[in-house]
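**Student:** Protein chains in written order, with numbering that gives the first Met the number 0: chain A, 0 to 345; chain B, 0 to 345.
Any given hint might turn out to be false.
You can't tell identical chains apart in this list, so a pair holds if it fits in one copy or across any two.
Simulated pairs of lysine to aspartate or glutamate, EDC-like, Cα-Cα distance not exceeding 20 Å [to be verified]:
| hint | residue 1 | residue 2 |
| --- | --- | --- |
| 1 | Lys30 | Glu310 |
| 2 | Lys49 | Asp69 |
| 3 | Lys30 | Glu138 |
| 4 | Lys3 | Glu29 |
| 5 | Lys24 | Glu310 |
| 6 | Lys171 | Glu22 |
| 7 | Lys265 | Glu191 |
| 8 | Lys171 | Asp25 |
| 9 | Lys287 | Glu274 |
| 10 | Lys142 | Glu29 |
| 11 | Lys30 | Glu135 |
| 12 | Lys265 | Asp255 |
| 13 | Lys18 | Asp54 |
| 14 | Lys193 | Asp255 |
| 15 | Lys18 | Glu310 |
| 16 | Lys171 | Glu29 |
Just so you know, the hints here were simulated from the structure itself, not pulled from any lab data.
In this text, all values refer to a predicted model and were calculated from it rather than measured experimentally.
There are 2 protein chains.
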Amino acid sequence: MHWKIGLIGFGNVGKAFIKLYSEMKDYWLEKYGLSASFYYIITSRGGVIKNESIDIEQLLSAARPTGRLDSFHGWKDGLTFSEAIHQSSINLLVEVSPTAIKNNGEPAATTIATALRSNISVATGNKAPFLFHYRELHELARKNNLLLGIGCTTGAALPSVNFGTYALAGSKITKIEGILNGVCNFILTRMEEKSISFDQALREAQARGIAETDPAYDIDGWDTAAKIIIISNTLIGTNLTLKSIAVEGIRNITPDLILQSRNAQKRIKLTGFTEIAGNIIRAGVSLKEFDSSSTLYNVMGTRKVIIYYTEPAGQFIVEGGASSPAGAAYSLWRDIINWHTQPQTR
Amino acid sequence: MHWKIGLIGFGNVGKAFIKLYSEMKDYWLEKYGLSASFYYIITSRGGVIKNESIDIEQLLSAARPTGRLDSFHGWKDGLTFSEAIHQSSINLLVEVSPTAIKNNGEPAATTIATALRSNISVATGNKAPFLFHYRELHELARKNNLLLGIGCTTGAALPSVNFGTYALAGSKITKIEGILNGVCNFILTRMEEKSISFDQALREAQARGIAETDPAYDIDGWDTAAKIIIISNTLIGTNLTLKSIAVEGIRNITPDLILQSRNAQKRIKLTGFTEIAGNIIRAGVSLKEFDSSSTLYNVMGTRKVIIYYTEPAGQFIVEGGASSPAGAAYSLWRDIINWHTQPQTR
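Using the sequences and the hints, build the whole thing.
**Tutor:** This is the structure:
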């Protein structure tokens with residue numbers, strides 16, 4: 000199958016998604032028989048659309064000076080997905096507009112549902128739709144035998160949904176626990192290492208480009224919550240939403256608390272977790288103290304780690320994957336490639 | 000597809016393979032639509048064969064007192080695979096007879112090739128055939144569109160071949176390094192913790208059932224070599240054999256060497272590795288010193304860890320999976336389930 004792609008979102012991840020294809024296409028064609036072309040690219044202010052496929056080398060170099068596409072041939076002010084879908088026929092929508100959790104998952108939820116109803120597969124890094132409409136979107140994809148690739152939403156290149164699907168196939172997950180947000184873990188690490196306040200550590204994270212100017216989504220635990228919800232719903236079949244779990248953040252951590260923990264040879268970490276015992280599911284985001292014998296104690300800086308407790312396969316610890324736009328872009332392609340190489344029976 | 004299984008090997012892993020199906024069958028049927036029955040079970044002295052499927056509950060309880068099957072209905076002294084294959088029609092051979100690396104992979108290599116040529120899928124925990132005939136067997140399975148599940152050979156439940164196939168799909172592996180043998184790592188750990196000699200630590204490992212009475216396969220590095228060869232050949236497409244790589248063991252490690260390392264805040268570990276730089280492949284099994292900042296330094300006791308260095312997905316660390324007959328049995332079923340849910344395009 001040749002992938003005819005429409006892309007929504009031309010930020011760092013959108014650009015990296017195109018660039019990665021340009022770099023890897025010969026290898027992927029040879030190894031997986033995978034080829035792709037791009038038919039439209041939609042940004043918040045309009046987009047590029049063509050009848051024939053877009054020359055991605057020209058496009059990337061046109062975007063280089065300003066990061067924008069509005070001088071590129073084929074640009075239309077105010078172009079939206081609902082117009083583009085009628086003008087150009089694609090079989091894969093890549094949706095990487097920013098996660099906005101305030102609006103019930105819209106407009107991305109409707110965009111993705113529209114694509115799936117139009118027989119278009121979807122790969123996305125946008126968490127919002129799956130915090131409110133996971134089951135409905137999943138059902139739509141399953142019914143139409145389409146890819147709905149959401150690995151990017153749960154830690155980018157960190158194998159989470161992917162790991163649970165393949166490496167744990169046939170095993171029952173009894174508990175998932177992880178450090179899933181690099182910003183929080185970086186701040187907690189710096190507070191301990193340099194005996195500084197939360198505000199000082201946050202400013203350092205912002206200065207380094209690790210934390211956003213508006214850091215609430217990360218430091219109040221929403222990013223971790225979103226990830227644990229999507230991982231649980233996908234792998235365990237729960238139906239968790241943002242409203243159904245308790246979410247803690249790290250704003251109230253003081254240097255005193257950090258010091259107390261250190262004196263007890265422990266560390267405070269922000270974890271996302273889901274635990275299943277019989278029919279009871281406990282899930283949430285909370286601050287926990289770990290002693291030095293536990294795996295999560297040793298996870299420092301922006302590192303992310305996820306631990307799966309399973310029966311009968313035992314306990315698994317997974318860490319890594321590039322934490323960058325290229326890593327996020329890779330995780331979208333990973334879902335596409337895994338689908339491409341064995342699509343028929345899903 | 001209903002799996003009609005013939006089993007070769009009724010040791011701990013063979014028994015656990017049947018037992019696990021008995022425990023999980025309702026869950027697997029519901030979740031994956033997977034069902035299976037057993038038509039013959041072959042041991043070193045003969046086997047059980049039936050025209051109808053074997054009642055596995057009766058079989059397991061008959062085997063409980065002695066571990067043997069020779070009083071079970073359907074037993075035939077001296078039954079071999081080449082007879083059984085003509086008497087009963089199966090579509091999956093599970094080969095879990097012991098790895099014997101001295102005989103060029105035989106007789107298991109011929110058994111597996113015969114199955115594949117007869118349109119029978121194979122899942123196996125036997126490393127020997129793949130140390131000598133990897134490419135030929137892989138080609139045979141690919142050509143006939145059959146499962147050749149070898150995940151069990153490379154660390155049982157530890158996701159190695161599996162992880163590389165799915166979690167690293169589309170990424171290029173540049174280096175693999177791991178602590179792949181629990182016996183060696185246990186001995187090195189004990190020598191450090193208790194300041195004892197190699198012989199003392201080995202005896203402790205044997206007393207605990209971790210090391211075999213004849214420990215050469217583990218402590219001379221052959222088990223690690225076999226795993227790194229199979230992982231590399233499968234994931235990187237190398238054509239390594241036991242003859243083409245240098246293999247070190249741990250017999251010559253003295254308490255003095257351990258002490259020197261400890262004084263330098265380092266630890267000696269036995270690692271398997273493959274590194275690719277351009278067209279040059281370096282692979283082997285060797286003793287290396289790691290300092291406390293490295294992941295492998297912290298891997299103690301019987302734990303196993305594998306690190307993947309990839310482009311563009313970055314670095315991944317994977318640890319875990321039950322290290323037991325049940326874990327090994329699970330890894331066979333994992334390969335079968337992953338194939339069962341998406342078989343057509345391989």
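**Student:** Could you run down the list of hints and mark each one as holding or not?
**Tutor:** Hints, verified against the model:
Within a single copy, Lys30 and Glu310 get their C-alpha atoms only as close as 34 Å, which misses the 20 Å cut-off; across copies the closest is 15 Å, which meets it. In this homomeric assembly, Lys49 and Asp69 come within 20 Å of each other (Cα to Cα) only inside a single copy, at 14 Å, whereas the closest approach across copies is 73 Å. Proximity of Lys30 to Glu138 under the C-alpha cut-off of 20 Å is restricted to the inter-copy arrangement: shortest distance 15 Å between copies versus 31 Å within a copy. In this homomeric assembly, Lys3 and Glu29 come within 20 Å of each other (Cα to Cα) only inside a single copy, at 18 Å, whereas the closest approach across copies is 35 Å.
In this assembly of identical chains, the alpha carbons of Lys24 and Glu310 lie at most 20 Å apart only when taken from different copies (14 Å versus 39 Å within one copy). Taking the shortest Cα distances, Lys171 and Glu22 sit within 20 Å of each other only across copies (12 Å), while inside one copy they are farther apart (38 Å). Taking the shortest Cα distances, Lys265 and Glu191 sit within 20 Å of each other inside one copy (11 Å), while across copies they are farther apart (25 Å). Proximity of Lys171 and Asp25 under a CA criterion of 20 Å is satisfied inter-copy only: 12 Å between copies versus 38 Å inside one chain copy.
Taking the shortest alpha-carbon separations for Lys287 and Glu274, only the intra-copy value of 15 Å comes in at or below 20 Å, while the best inter-copy value is 39 Å. For the homomeric pair Lys142 and Glu29, the shortest alpha-carbon distance between copies (18 Å) is at most 20 Å, but the shortest distance inside one copy (31 Å) is not. Proximity of Lys30 and Glu135 under a CA criterion of 20 Å is satisfied inter-copy only: 19 Å between copies versus 34 Å inside one chain copy. Proximity of Lys265 and Asp255 under a CA criterion of 20 Å is satisfied intra-copy only: 13 Å inside one chain copy versus 33 Å between copies.
Only within a single protomer do Lys18 and Asp54 lie at most 20 Å apart by alpha-carbon distance; the minimum there is 12 Å, versus 57 Å between protomers. Proximity of Lys193 to Asp255 under the C-alpha cut-off of 20 Å is restricted to the intra-copy arrangement: shortest distance 13 Å within a copy versus 38 Å between copies. With identical chains, the CA atoms of Lys18 and Glu310 are at most 20 Å apart between copies only, with a shortest distance of 14 Å across copies and 41 Å within one. Taking the closest pair of Cα atoms, Lys171 and Glu29 come within 20 Å of each other only across two copies (13 Å); inside a single copy the shortest separation is 36 Å, beyond that limit.
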